[in-house]
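Now for the letters of each chain:
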Amino acid sequence: EAQVTQNPRYLITVTGKKLTVTCSQNMNHEYMSWYRQDPGLGLRQIYYSMNVEVTDKGDVPEGYKVSRKEKRNFPLILESPSPNQTSLYFCASSLSFGHEQYFGPGTRLTVT
Amino acid sequence: GIQVEQSPPDLILQEGANSTLRCNFSDSVNNLQWFHQNPWGQLINLFYIPSGTKQNGRLSATTVATERYSLLYISSSQATDSGVYFCAVVPSGTYKYIFGTGTRLKVLA
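Protein chains in written order, with my numbering: chain R, 1 to 112; chain L, 1 to 109.
Simulated from the structure, these hints should not be mistaken for lab results.
It cannot be assumed that every hint is accurate.
To be verified - Some chain R residues close to chain L (C-beta under 8 Å, calculated; not the full set):
hint: 1; residue: G42
hint: 2; residue: L43
hint: 3; residue: Q45
hint: 4; residue: D56
hint: 5; residue: E62
hint: 6; residue: G63
hint: 7; residue: E100
hint: 8; residue: F103
Claimed, not checked - Simulated DEER-style distance windows between Cβ atoms:
hint: 9; chain 1: R; residue 1: T110; chain 2: L; residue 2: T94; range: 30 to 36 Å
hint: 10; chain 1: L; residue 1: S51; chain 2: R; residue 2: V54; range: 24 to 30 Å
hint: 11; chain 1: L; residue 1: S51; chain 2: R; residue 2: I12; range: 40 to 46 Å
Beta carbons: idealized from backbone N, C-alpha and C, even for Gly.
I would like the entire structure built from these sequences, with the hints used as guidance.
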């Protein structure tokens with residue numbers, strides 16, 4: 001089944017404790033992206049990757065890192081999480097930039 | 001940066017009614033997509049429509065890029081249409097997606 005998977009789905013952590021949210025797609029897609037969704041603000045793009053080893057900042061990259069070492073995986077890294085990073089995070093992928101995006105199920109992160 | 005505004009912010013319909021959702025954007029774009037987020041949070045791509053008109057079943061969309069707006073039409077609405085509808089644009093010269101704040105639709109049986 002074609003899909004985008006994210007892990008974990010739910011995470012409660014404390015300020016400053018490094019964490020990684022994984023994202024994997026099995027559709028051989030080139031373009032991958034991370035978004036965060038906050039009430040009243042819609043979705044905002046954090047980082048995107050046009051293809052392996054090529055990543056760039058979205059609108060709200062501060063406090064996040066990404067890497068794209070393999071086509072299928074695009075992990076989101078929070079080196080020192082803070083409470084303002086409490087949010088719902090979505091990973092998405094598409095065949096290439098501009099094509100239909102497929103979204104993962106979301107990861108709800110709470111930083112206390 | 002580009003502003004993306006959606007209207008109305010909230011909409012309540014009876015089953016079987018038709019509706020039109022609007023997405024205005026303040027600058028030229030290369031790409032525009034519509035998404036539906038169901039009440040369980042799942043995001044589904046509805047249309048990739050940088051210009052012109054497309055139809056998929058009871059849904060259709062029209063984008064007039066020169067006038068900087070897009071419309072999403074829902075005909076004969078059903079309870080399963082409930083959720084939030086987002087438009088997202090890609091400003092010309094970039095590879096970033098900018099989302100509107102959405103239209104929350106509730107269809108009553």
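Results for each hint:
1. G42: Given a least distance of 4 Å, the restraint on R:G42 holds.
2. L43: holds, 4 Å
3. Q45: holds, 5 Å
4. D56: holds, 7 Å
5. E62: violated, 15 Å
6. G63: violated, 18 Å
7. E100: holds, 5 Å
8. F103: holds, 4 Å
9. R:T110 x L:T94: 30 to 36 Å: With Cβ atoms ~31 Å apart, the hint holds.
10. L:S51 x R:V54: 24 to 30 Å: holds, 27 Å
11. L:S51 x R:I12: 40 to 46 Å: holds, 44 Å
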